[in-house]
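Undergrad: Chains as they are written, first to last, in our numbering: chain G, 1201 to 1711; chain E, 18 to 119; chain V, 727 to 1382.
Source of the hints: derived by calculation from the structure; they are not laboratory data. Just so you know, not all the hints are guaranteed correct.
Stated by the list, open to error - In silico contact screen, one side only, chain G against chain V (beta carbon under 8 angstroms); selected entries: (1) Val1500; (2) Thr1561; (3) Ile1564; (4) Gly1569; (5) Leu1591; (6) Gly1593; (7) Phe1604; (8) Val1605; (9) Glu1609; (10) Ile1621; (11) Ser1682.
As the list claims (entries may be wrong) - Capping the alpha-carbon separation at 27 angstroms, the derived lysine-lysine pairs in DSS-like fashion look like this: (12) E:Lys43 x E:Lys116; (13) V:Lys850 x G:Lys1572; (14) V:Lys761 x G:Lys1572; (15) G:Lys1639 x V:Lys850; (16) V:Lys850 x V:Lys761; (17) V:Lys1304 x V:Lys1283; (18) V:Lys1304 x V:Lys1137.
Being a predicted model, the structure only gives us computed values, none of them experimental. We put the beta carbon where it would ideally sit given N, CA and C, even for glycine.
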Amino acid sequence: MNFLSIFVLIPLLMLLGLWAARNLNQVRGVMVTGSTALLALSVYLVFAFLDARSLDPQSEMLFVKSIEWFPPLHITYTVGVDGISVAMLLLSAVIVFTGTFASWQLRPLTKEYFLWFTLLSMGVFGFFITIDMFAMFMFYEIALIPMYLLIGVWGSGRKEYSAMKLTLMLMGGSAFLMCGIFGIFYGAGGQTMNIIDIANQTGGAHAIDGNWQMLWFPMTFVGFGILGALFPFHTWSPDGHASAPTAVSMLHAGVLMKLGGYGCFRIAMYLLPEAANELSWIFLILTGISVVYGAFSACVQTDLKYINAYSSVSHCGLVLFAICMATETASVGAILQMLSHGLMTALFFALIGFIYGRTHTRDIRELAGLMKIMPFLAVCYVIAGLANLGLPGLSGFVAEMTIFVGSFENPGTFYTAMTVIACTSIVITAVYILRLVGKILYGTPTNPHHLQLTDATWDERFSVICLILAVAGLGLAPFWVSDMIQTGVHPVIEQLQAAGSLFDSHSNPFL
Amino acid sequence: MIQIEYFLFVSAIMMFAGIYGFITRKSTLAILLSIELMLNAADINFAVFNRLLYPNGHEGLFFAIFGIAIAAAESAVAIAIMINIYRQLQNISVDQLTKMKW
Amino acid sequence: MEHTIFILLLPLFSFLLIGVIDMDITKTGKVWSHKAAGLIGTSSLAVVTLLSYLTAYEYFTAERLTDGTFATIVPYNFTWLPLGTLHFDLGILLDPISVMMLVVISTVSLMVHLYSFGYMNGEKGFQRYYAFLSLFTMSMLGLVLATNIFQMYLFWELVGVSSYLLIGFYYTSPAAIAASKKAFIVTRFADMFFLVGILIFGYFAESFSFSFSGTIQLAEGAAAFQTVNISKEVAAAGFLIPTALVLMFIGGAGKSAMFPLHIWLPDAMEGPTPVSALIHAATMVVAGVFQIARMFPMWMEYAPDSLSIVVWVGALTAFYAAAVACVQTDIKRVLAFSTISQIAFMMVALGACLPGHGDHLIDNHSSLGYMASMFHLFTHAMFKACLFLGAGCIIHAVHSNEMSDMGGLRKYMPITHATFLISCLAIAGIPGLSGFFSKDEIITACFAYSPLLGWWMTVVAAMTAFYMFRLYYGIFWGKDNSEAYAHHTPHEASWTMTVPLIVLSLITIVGGWIPFGHLVSATGQAYDIHLNTQVAVTSSVIAIVAIGLATWIFAGKQQPIAQKMYAAAPRLHRWAYKRFYLDEVYQFVTHRIIFRRISSPIARFDRRVIDGFFDFLAWGTHRTAALIRNFQSGNVQHYAFAFLLGALLLLLLMIF
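The task is simple: from the sequences and hints, build the whole structure.
TA: Structural data, given as structure tokens:
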């Protein structure tokens, strides 16, 4: 039994445990044990991976294990990790762990809530460990469906509408995705669903006919891109995040949106390199719009969660933007940005959830002077804000700089101009973050009822501090993560370069 | 001997009267009557074809008798349902019975 | 020189110690008492200062290299983040200007730490204040010790954030909130250009390092460039490196409050006064000047012509700020505009450098401005910090920033008065004091660049003397606000506040006699400062005349001439007082244009159009379903009718 499968096994056991749990304490016990085990496992995986990588610098995936699942369609359950998935697994484990603590006080139907929550995390972990397209797709769906219930039942505001919207839009994405996946499968000869096998078959991914690639690439990219809040398919994100309960927002923005970026990189760019070179300019423009547009939108929102959701659109846009730039450095930056944004935005949503839980409003016009009332949460909010606007020493800076430097490696006016446009987002980000901090944290409390509110409880402090440590850790010592990611990014970029370059694109009118 | 066309003419009239009734009537009872008409039209045809075309066989007659029996059973069940519906809803008009729709 | 690492680490640790532990994670009440936090901060800073002096001593007394320059020492450098072919290093670089900056920063910072003991006594958030001060000091030191332009940018952002946090220290005051936001966003806007400049520079020079020299190399993977029309080498040397340098200068202009990005600095005075002294007068705001000085060899080699941008931006700013300073009534604002004007002097001096003669790219004579600029940076840091700290004492005593609430304070606060006067004389350029020497070099350099610039800067120097003495008389002479002082007599501040004043004014007195040209110069070789008699005499005379004018107008108890002047040109006075309405222009651009015309429409577009489109899809699906649903009426009669029609249709088909 390959130890990667334990990532799926633990959530399954947790589901059983939750099912058997009789009271709140048992539910919490199961969740804490399970999520701690996941976190421990992912930390262990990091070290095991670094060890194994130093012994075996050649193979693309480590700890590979394949089990036949449905031979007629060549579907296998194949697991394996490279630097990127290790980083993503660590991120997911951290978010699940802190998310558990962030929903410590959740009522009612706690047990059912955690059941769906665990199912969702199982989908996420499964997605990151498998390298078989079909299994990936399956886990992707497993991660999506619980979202509907989690938002629809435990959400706030227009929760039914948001849940429906989110699910339908993401399902729409899945439909594209499935076409894309089957297109790749049959295009590559219909012999295997394994990503690595397809990429390394005779002739590499170029065995897929170029013209067909032009069809499958947009499908796959858009399919995953919808989850990564690609403009103009991002509108599920503000509504969905605003309605979702705290931990679900954390998990969704923190991890689920990363599935999009990861998928775009792992499947769309890797397996369809010719089309990627040819068509990435279109997506570059779309994501460039995402970056600036999301930031501008965030400037005038009045709901805390909407601000953060639009900020996520902007930051996730940067992830896809960097992926489309198709240079090694930019891609490393994209993965770093995924990590950084995952942690940062989880921190943000946790804090917003805690503040909302106390004040029962997220409208920034009704909040003021929280620094005086709940200093701990306010200070953490400032830290989260600074991370978001790219303060050196916190994770945002590292990721953004890597992306910008990487994007600049592409010569040519078009790419330079796009990078400069993306750079403007750092200013706009500062505008909305400072507006927020100035409005809700600084100043004097306007609502007398708020004066009675208390600061964070221990479970809230714990989850917030974990996230801040992770954000600072990534920001202060980015080198080891970036080295690890680099090994994972390399084959994809090689594949892309073997297929030509971005400058061979005939359809790009800006070249 | 009476020509076969005459029999068929009668049964065709009955058949189309039944169809017309089935499609247009609103009362379930009238619809049931229309169904009976159609069944009887079919029974007549069975009997007639059997008698005039295959005088040595009896299959058509048997089938006609079966048809009559089934019609009887069916109307018994149908009327029972109708009575039940009437008890519940005080109405047996088909376009009013939308309670279990959608 | 290995001990230099502690110069960075100590403030960092004291920040973490005071700041993080003070976050009160355990909810058991404050961990540090006020005193303890201050002591930790101040003592660690004292050690840093000692280390800096030690470093400076060791560095400048070390043997010079054969070409007469001081060795550039890089005791630490490690790759923090590999970025493809480039890499992002963190390290420590010691060369004359960074060592000079070390001394300036640690001295002023130590004085401010000490001073804050008295000034911030009893403030809520005393620990927070010291934590931020430590953070700032660490970042600023990191900035000047940077081994590469990217590290500089990293610490550049950090000083921006610490400045933001310190300006917003009184976070319940709306003015402070607005000011901190403004400061951060304006500088951030400029930083964006800096970043783009770095990116361009890094890409074409294939290095972020300052010490890069020689020709721009072709990329190794040259294949990628064949598709690009313009070869990298040509592009870099001819156009892009100057562009990158100018973009970096825009970043520096933001930090150093050059026109038109200066608007944040006067507002930044909402922060505590010691912070204004440290960050917004002596250290952070000269980061832009320092940056140009750092990139000076690049400018000289690749973009000597573009330096004229620096000159004229600086000259305009110097005049503008001096003009505005002449009419402000808030003493900190006068000092703020004076700071802007003085930094502009440094900028002008840097810009006024000319390429060397013959085969030397840079020679000390043509590039006199470089030395002058650094010299002025040094002297200005000292006397301006002294002025600000003095202003802090006054504000502490009078509880107001307005000049109208002051007057006649010389009797109440003799030490403050004396030190303030010394600093005013220094900034006015009275011979013997430090400001005279540095300013004289600047004006000499300006005359060498162009006579117009020379006279222009001389006029600005005269204005400097005028507004500084207007300030001085307004505070210490003029009307005696006895009634106002009756219930609260102003008194001299405690020793923690006066000692820094005395120390700084002593440095101001002797600072000019340091053989600065021997330590810092454009080429690194020793350069003897000789006063240009003509310039020196002219500027001293002009300064004295300006002071006399200020005395004539402002020294008396009544100021009839001043009133008359205001009345004679009311519009000019109002425009200058309102800083020529630049803030309003910015307000208009940000609120009316960015928020109203860009952000709001985008947000509406998002909700109405994009979201509307998806809602429309959902609605359309729903409507279509509702339509189709009618075919499934559930009425058997309808089905039967359809069946009949179908059957007839089939029948017809079969027949025909």
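Undergrad: Does each hint fit the structure? Answer for all of them.
TA: Hints, one by one, checked against the model:
| no. | hint | verdict |
| --- | --- | --- |
| 1 | Val1500 | holds, 4 angstroms |
| 2 | Thr1561 | violated, 20 angstroms |
| 3 | Ile1564 | violated, 14 angstroms |
| 4 | Gly1569 | holds, 7 angstroms |
| 5 | Leu1591 | holds, 5 angstroms |
| 6 | Gly1593 | holds, 7 angstroms |
| 7 | Phe1604 | holds, 6 angstroms |
| 8 | Val1605 | holds, 5 angstroms |
| 9 | Glu1609 | holds, 6 angstroms |
| 10 | Ile1621 | violated, 11 angstroms |
| 11 | Ser1682 | holds, 6 angstroms |
| 12 | E:Lys43 x E:Lys116 | holds, 16 angstroms |
| 13 | V:Lys850 x G:Lys1572 | holds, 11 angstroms |
| 14 | V:Lys761 x G:Lys1572 | holds, 22 angstroms |
| 15 | G:Lys1639 x V:Lys850 | holds, 20 angstroms |
| 16 | V:Lys850 x V:Lys761 | holds, 13 angstroms |
| 17 | V:Lys1304 x V:Lys1283 | holds, 26 angstroms |
| 18 | V:Lys1304 x V:Lys1137 | violated, 33 angstroms |
Consistency with the previously given hints fails for numbers 2, 3, 10, 18, ordered from lowest to highest.
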